[in-house]
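The hints should help you fit chain R onto chain H, whose structure is shown.
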Amino acid sequence: MLDKFPMQQILNEEGKVNPDAGIDKISIEQIKHFYYLMLRARLLDKKSVKLQRQGRIGTYVQYEGQEAAQVGSAAALEKGDWMFPTYRDHAATLTFGHSMRNLLLNWRGRIEGGLPPEGINIFPPAIPIASQLPHAAGAAWAEKKRGSDRVSLVYFGDGATSEGDFHEGLNFASVFQVPAVFFNQNNGFAISVPMEKQMNTKTIAQKGLGYDMECARVDGNDILAVYFAVKEAVERARKGEGPTLLEAVTWRYGAHTTADDPSKYRDQSESEKRRETTDPLLRLERYLKNEGEWEDAWTAALQEDINKEIETALEEMENYPEPDMSQLFDHVFDVPTWTIQEQIDEHLAVKGRKS
Amino acid sequence: MTTSVQMKKMTMIQGINDAMRTMLAEDENVLVMGQDVGVNGGVFRATEGLYEEFGKERIIDTPLAESGIIGTSIGLAVNGFKPIAEMQFFGFIYPAFNQIMTHATRIRQRSMGRYTAPIVIRAPYGAGVKAPEIHSDSVEALFTHMPGIKVVVPSNAYDAKGLLIESVNDPNPVLFLEPMRCYRSSRVEVPEEKYTIKLGKAAVRKEGEDISVFTWGAMTIETMKAVEQIEKEQNVSCEVIDLRTLYPMDKDTIAASVQKTGRALIVHEAPATGGVSGEVMSVINDTSFLYLRSPVERVCGFDIPVPVYSLENEYIPSPEKIKNAIQRSISF
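Chain order of the listed sequences is H and R. As numbered in this note's numbering, residues 1 to 355 make up the first sequence, in order. As numbered in this note's numbering, residues 1 to 332 make up the second sequence, in order.
Next up, chain H with everything else stripped away, as it sits in the complex (with noise of 0.2 Å):
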């Protein structure tokens, strides 16, 4: 199957494109936000990963070496589209207009992590895994019977497709046609577990074939392959063509989280030899070059209004009030139950205070 499904790539690890991929499609603008994009998501991880060593955050899951895949495909949604994240998304949901601030209270065990701003639909982060596969698809299915042109994009790794809720995501959409991008980052290693422990099988992409989906696999660490095949599933779903079943291959640099030590089950020099070859950030710098687009003062610029961005969200988000213990009760259903209320009298009456 590997020959059925080569890995798509506009942009090679020099920096060079493809003469056929059609890059005129796209300005040097956008190359260039693309490339703010990746540095800004990949500056956020960096930083967090640093607070909470320093214990200002709690555990935290890295993304680092995934950017081109969550901005990329991010970057091909509008407004009023539907996003599915996991954990590991950060990327992605920034690029769709998450609040940083708020990303940053998620690791800081706050609710209001998982609430983006209002208007732009992006679901608080699936835990559980491939569980937000079917919701993706019954999101899309509701966009679909209201005769609207918004479609779902949801992320999940390649652990996620040995789950039951990934084949019955898939199937759901495809008898039903609906209109929803299912979007795998295939970084090798669901925490431990490499993918040839994984699956059988030598691709992901492949699974599409099952549910008569179109189905593709790219370089995930690749932007601009990230972002047409993405561009062309969403556009197909928007004209009512059905899913699409995507697999970036891409690797995480670092740890599944900052509680995991990966050299226990992988070489790491593996990661410090691709930070120097098939980086997503280094890949489109070596292309800005070879295009003449580069300028140090410009990418010294990006990174100072970013480092500027991540210390006030940071600030916004230590200095936000502590917790009300209201959040404990509220939103359990829309009225508290009675054995509810008793529960908060009864606390409330310990704490010394009044409800």
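Keep in mind that a hint or two might mislead.
Unchecked claim - When the alpha-carbon atoms are kept at most 25 Å apart in a straight line, the in silico SDA-like pairs for lysine to any residue are as follows:
#, chain 1, residue 1, chain 2, residue 2
1, R, Lys-56, H, His-167
2, H, Lys-145, R, Gly-55
3, R, Lys-198, H, Glu-309
4, H, Lys-197, H, Glu-272
5, R, Lys-201, H, Asp-330
6, R, Lys-130, R, Pro-305
7, R, Lys-201, R, Gln-234
8, H, Lys-197, H, Ala-259
9, R, Lys-323, R, Met-281
10, R, Lys-251, H, Thr-339
11, R, Lys-201, H, His-167
12, R, Lys-251, H, His-167
What the hints assert, rightly or not - With beta-carbon atoms standing in for the labels, derived distance ranges:
#, chain 1, residue 1, chain 2, residue 2, range
13, R, Arg-187, H, Arg-146, 38 to 44 Å
14, R, Glu-207, H, Arg-146, 29 to 35 Å
15, H, Glu-241, R, Glu-53, 27 to 33 Å
16, H, Lys-264, R, Phe-97, 31 to 37 Å
17, R, Val-204, H, Glu-241, 55 to 61 Å
18, R, Lys-321, H, Gln-177, 53 to 59 Å
19, H, Glu-112, R, Gln-229, 56 to 62 Å
20, H, Glu-311, R, Thr-287, 31 to 37 Å
Unchecked claim - Derived contacts from chain H toward chain R, CB cut-off under 10 Å, selection only:
#, residue
21, Ala-75
22, Glu-78
23, Leu-94
24, Phe-123
25, Ala-137
26, Asp-334
None of these hints come from the bench; they were simulated from the model. Beta carbons are placed, not taken as given, at the ideal position from N, Cα and C, and that holds for glycine.
The following block gives chain R in isolation, referenced to the frame of chain H:
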């Protein structure tokens, strides 16, 4: 001026069908979805005629995948629809447990009220209809223990229609359990027009003075049999209360009854340990301890898997066991 309400005798399955028809006609966002609910009209005929009347876009034959049915219902619900999702049997709900436990019941809180999943999950349940293995489970306690979902169990056509309409109107997820033995066991007068029964309110089936018997679903049948017999056999007066909603439970009605009679018995067919009877006892303990004249009794299923049907009558609480428990309580 008088208004006449058109009444019609219905079985519970007809009441359920009528409730869905009423809500489908009233609100175009209401959908019915599940295995066999469309063309076939449901294996118990609960959705009979709905496909013809409302079409395939609203009465949806889904793939046979319980997690997928609930998972896509969540996506539809947060995006504006009101799915009534059928689990063909309650014993088949387990693949959907994760979707209900980690998403349907939590999305309101996880999104601070931004997204909600007002789904009604219907499921035929309970033993006593000679169904194959697994089809007869009574695991309501798995869901009364689950924060964020209401659990409703009608026992007749009138309650079923009013409670199901109210469940569809409820902005929270509702598990609507339909005792299979009650589907066609009685016909009662049901208004043809729309009406609702508030969730969380029990029904006093029979007033009495000496003991309060709390039950729900198909066990109302066994309980009423036992009470009729024991009242003929000896000078005892029993109050029978059909809880109808298991979460949130009708604390006030439970307390008022026990405070009147001073004795209590709970009857359910689910396994005793961890069963909802424990919660009824807890309500009695919290509200009416000093009114009690004897220990609270319960008659429940055994702590075993619901058996194959050749032995199900050994499993289901019998009128004899219920009578014995009433006797123990009275003569304590």
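The hints, checked one at a time:
1. With a CA separation close to 23 Å, the supplied pair R:Lys-56 and H:His-167 stays within the 25 Å bound.
2. A hinted pair counts as satisfied when its Cα atoms are at most 25 Å apart, and H:Lys-145 with R:Gly-55 qualifies at roughly 13 Å.
3. For the proposed pair R:Lys-198 and H:Glu-309, the alpha carbon gap of about 51 Å is over 25 Å, so the pair is violated.
4. Between H:Lys-197 and H:Glu-272 the CA atoms are separated by roughly 24 Å; this keeps the pair inside 25 Å, and the hint holds.
5. Proximity of R:Lys-201 to H:Asp-330 is assessed by CA-CA distance (about 23 Å); at most 25 Å being required, the pair is judged to hold.
6. Annotation: proposed proximity of R:Lys-130 to R:Pro-305 holds, straight-line Cα distance about 15 Å (limit 25 Å).
7. Distance restraint check for R:Lys-201 and R:Gln-234: the Cα-Cα separation of roughly 31 Å exceeds the 25 Å cut-off, and the hinted pair is therefore not satisfied.
8. In summary, the hint linking H:Lys-197 to H:Ala-259 is supported, as the alpha carbons are separated by about 22 Å, within the 25 Å threshold.
9. Among the hinted pairs, R:Lys-323 with R:Met-281 is consistent with the structure: their alpha-carbon atoms are about 19 Å apart, no more than 25 Å.
10. For the hint linking R:Lys-251 to H:Thr-339, the alpha-carbon distance of about 9 Å falls within 25 Å, and the restraint holds.
11. Only pairs whose Cα atoms come within 25 Å are accepted, and R:Lys-201 paired with H:His-167 is rejected, the gap being roughly 41 Å.
12. Under the criterion of a C-alpha separation no larger than 25 Å, the hint pairing R:Lys-251 with H:His-167 is inconsistent with the structure, at around 43 Å.
13. The hint said 38 to 44 Å for the Cβ distance between R:Arg-187 and H:Arg-146, and at roughly 40 Å that hint holds.
14. At roughly 51 Å, the beta-carbon separation of R:Glu-207 and H:Arg-146 lies outside the given 29 to 35 Å, and the hint is violated.
15. Checked against the hint of 27 to 33 Å, the C-beta distance between H:Glu-241 and R:Glu-53 comes to roughly 31 Å, which is consistent with it.
16. About 32 Å separates the C-beta atoms of H:Lys-264 and R:Phe-97, a value consistent with the hinted range of 31 to 37 Å.
17. For the pair R:Val-204 and H:Glu-241, the beta carbons lie near 58 Å from each other, so the given range of 55 to 61 Å is met.
18. At roughly 54 Å, the beta-carbon separation of R:Lys-321 and H:Gln-177 lies within the given 53 to 59 Å, and the hint holds.
19. Checked against the given bound of 56 to 62 Å, the beta carbons of H:Glu-112 and R:Gln-229, roughly 60 Å apart, stay inside it.
20. A hinted range of 31 to 37 Å is violated for the C-beta pair H:Glu-311 and R:Thr-287, which are about 56 Å apart.
21. Of the supplied interface hints, the one on H:Ala-75 is violated, with its beta-carbon coming no nearer than about 23 Å to a beta-carbon of chain R, more than 10 Å.
22. Taken as an interface hint, H:Glu-78 does not check out: its beta carbon lies about 16 Å from the nearest beta carbon of chain R, beyond 10 Å.
23. Because the beta carbon of H:Leu-94 sits about 18 Å from the nearest beta carbon in chain R, more than 10 Å, this interface hint is broken.
24. Taking 10 Å as the C-beta contact cut-off toward chain R, the hint placing H:Phe-123 at the interface holds, the least distance being around 7 Å.
25. For H:Ala-137, the interface hint holds, the least distance from its beta-carbon to any beta-carbon of chain R being 5 Å, beneath 10 Å.
26. Restraint check, H:Asp-334 versus chain R: the minimum CB separation of about 5 Å is within 10 Å; hint holds.
In the structure shown, a violation is registered for the earlier hints numbered 3, 7, 11, 12, 14, 20, 21, 22, 23, in ascending order.
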